[in-house]
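Number of protein chains: 2
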Amino acid sequence: MTNISNFDLRDFTPYLLNLAAEASSLEFQPHYKDKYGMLRTEWRVLFHLGRYGEMTAKDICDRARVHKTKVSRAVSALEKKRFLKRTQLESDRRHEALTLTPAGRTAFRDLNRAAQAFDQELMAQFSDEEQAVLRRCLARIAGL
Amino acid sequence: MTNISNFDLRDFTPYLLNLAAEASSLEFQPHYKDKYGMLRTEWRVLFHLGRYGEMTAKDICDRARVHKTKVSRAVSALEKKRFLKRTQLESDRRHEALTLTPAGRTAFRDLNRAAQAFDQELMAQFSDEEQAVLRRCLARIAGL
DNA sequence: TCTTGTTAGTTACAAAAACAACTAATATTT
DNA sequence: AAATATTAGTTGTTTTTGTAACTAACAAGA
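Note that the protein sequences, when read in sequence, are chains A and B. According to the numbering used here, the residues represented by the first sequence are -13 to 130, in order. According to the numbering used here, the residues represented by the second sequence are -13 to 130, in order.
No lab work stands behind these hints: they were computed from the structure. There may be inaccurate statements among the hints.
Copies of the same chain are indistinguishable here, so a pair counts whether it falls within one copy or spans any two.
[Stated by the list, open to error] For lysine to any residue, the following SDA-like pairs were computed, each having C-alpha atoms within a straight-line distance of at most 25 Å:
| no. | residue 1 | residue 2 |
| --- | --- | --- |
| 1 | 44 | 77 |
| 2 | 66 | -4 |
| 3 | 71 | 105 |
| 4 | 21 | -9 |
| 5 | 56 | 26 |
| 6 | 54 | 15 |
| 7 | 19 | -6 |
| 8 | 56 | 27 |
| 9 | 67 | 77 |
| 10 | 54 | -3 |
| 11 | 67 | 113 |
| 12 | 19 | 51 |
| 13 | 67 | 98 |
| 14 | 21 | 75 |
| 15 | 44 | -8 |
| 16 | 21 | -5 |
| 17 | 71 | -6 |
| 18 | 19 | 89 |
| 19 | 56 | 8 |
| 20 | 21 | 100 |
| 21 | 66 | 115 |
| 22 | 56 | -3 |
| 23 | 56 | 16 |
| 24 | 19 | 55 |
Please build the complete structure, drawing on both the sequences and the hints.
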């Protein structure tokens, strides 16, 4: 009558994914939070501008899969920290082009390096094949 | 001078993990949210009580890796919905034993079934070996 | 016994996220 | 051209989370 099956939360992939995501995010967080006072969305926005150069907020929303209100607030925060500047576009004054300042580029280079190193160390515990499988499965589940 | 490397956010495992976790969680969410008005933590607490029987809040914190304040609020919410009841323990009055009500057990059975089905369908797109690798990697990253 | 320390759980307040309503600029339709 | 619809982005309000301080019960040492 107790109806206890053998299915455990640890067998539930979304749960496992959340644990792994939280654990790894928390471990990397100090790099952008403690050192630059950034939130995760700010770091993602900074990353996109550093990686791809000038973009609009909308471009970032689409590429980074972040909601526009979060991007809007992240852009304001990064602007206040003088990591980026906005320029209204002549062609369509609804858009504004976002570009990193020298300080923003420096922060990007630093964080980009840290992220690559972090990822390498995280993945070092797995074989090349395991890494490939992991990435492929995650991308698939994420709908990429 | 533009210093653009080839490292993409999609190559950054924590980012990928977050996307996958968000996507899969969002897809399952309607089961507990729309149908029972539960939050994710509530569903996790309910799951533990349904799966393992009587437990204290502390037990759930440890097993589910959820902070005690979140568990505390989830327990209150589940109590208000009449899905569980508390009983102060004679042996140590700091503890309270949590048990599901009949309604709680019914909800658990339903959600447990849904979760298993959801997981099966999610994993069906991968081979047995891929599934094994994925689970192993995630568990490792999550520190389980 | 009387501190002092530890543990379980709650509560209050601050930070962040989610959601909806809004403005301003441009496109489209009539 | 006037009305309507879209689009980019912001702002305001409500939920939810995170953090820290708190209470109550028990434990242990002086």
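Hint by hint, here is what the structure shows:
In this homomeric assembly, residue 44 and residue 77 come within 25 Å of each other (Cα to Cα) only inside a single copy, at 16 Å, whereas the closest approach across copies is 59 Å. Taking identical chains as interchangeable, the C-alpha atoms of residue 66 and residue -4 are never at most 25 Å apart, the minima being 42 Å within one chain and 27 Å between chains. In this assembly of identical chains, the alpha carbons of residue 71 and residue 105 never lie at most 25 Å apart, being 29 Å within a copy and 45 Å across copies at closest. Proximity of residue 21 and residue -9 under a CA criterion of 25 Å is satisfied inter-copy only: 22 Å between copies versus 47 Å inside one chain copy.
Both within a single protomer and between protomers do residue 56 and residue 26 lie at most 25 Å apart by alpha-carbon distance, with minima of 10 Å and 22 Å respectively. Taking identical chains as interchangeable, the C-alpha atoms of residue 54 and residue 15 lie at most 25 Å apart whether they share a chain (22 Å) or sit on different chains (22 Å). For the homomeric pair residue 19 and residue -6, the shortest alpha-carbon distance between copies (20 Å) is at most 25 Å, but the shortest distance inside one copy (34 Å) is not. In this assembly of identical chains, the alpha carbons of residue 56 and residue 27 lie at most 25 Å apart whether taken from the same copy (7 Å) or from different copies (23 Å).
Taking CA atoms no more than 25 Å apart as the test, residue 67 paired with residue 77 passes in neither setting, with 28 Å inside one copy and 55 Å between copies. Only between protomers do residue 54 and residue -3 lie at most 25 Å apart by alpha-carbon distance; the minimum there is 23 Å, versus 34 Å within a single protomer. Taking the shortest alpha-carbon separations for residue 67 and residue 113, neither the intra-copy value of 40 Å nor the inter-copy value of 47 Å comes in at or below 25 Å. Both within a single protomer and between protomers do residue 19 and residue 51 lie at most 25 Å apart by alpha-carbon distance, with minima of 21 Å and 23 Å respectively.
In this assembly of identical chains, residue 67 and residue 98 lie within 25 Å of each other by CA distance solely inside one copy; the values are 18 Å within and 47 Å between copies. When the C-alpha separation of residue 21 and residue 75 is checked against a cutoff of 25 Å, the pair qualifies neither within a copy, at 33 Å, nor between copies, at 47 Å. Only between protomers do residue 44 and residue -8 lie at most 25 Å apart by alpha-carbon distance; the minimum there is 22 Å, versus 46 Å within a single protomer. For the homomeric pair residue 21 and residue -5, the shortest alpha-carbon distance between copies (20 Å) is at most 25 Å, but the shortest distance inside one copy (35 Å) is not.
When the C-alpha separation of residue 71 and residue -6 is checked against a cutoff of 25 Å, the pair qualifies only between copies, where the shortest distance is 22 Å, while the shortest distance within a copy is 49 Å. In this assembly of identical chains, residue 19 and residue 89 lie within 25 Å of each other by CA distance solely inside one copy; the values are 16 Å within and 44 Å between copies. For a Cα distance limit of 25 Å, the shortest separation of residue 56 from residue 8 qualifies both inside one copy, at 19 Å, and across copies, at 16 Å. When the C-alpha separation of residue 21 and residue 100 is checked against a cutoff of 25 Å, the pair qualifies only within one copy, where the shortest distance is 12 Å, while the shortest distance between copies is 43 Å.
In this assembly of identical chains, the alpha carbons of residue 66 and residue 115 never lie at most 25 Å apart, being 44 Å within a copy and 49 Å across copies at closest. Taking CA atoms no more than 25 Å apart as the test, residue 56 paired with residue -3 passes between copies only; the shortest distance there is 22 Å, against 32 Å inside one copy. Taking CA atoms no more than 25 Å apart as the test, residue 56 paired with residue 16 passes in both settings, with 20 Å inside one copy and 23 Å between copies. In this assembly of identical chains, the alpha carbons of residue 19 and residue 55 lie at most 25 Å apart whether taken from the same copy (20 Å) or from different copies (23 Å).
When held up to the earlier numbered hints, the structure conflicts with 2, 3, 9, 11, 14, 21 and fits the remainder.
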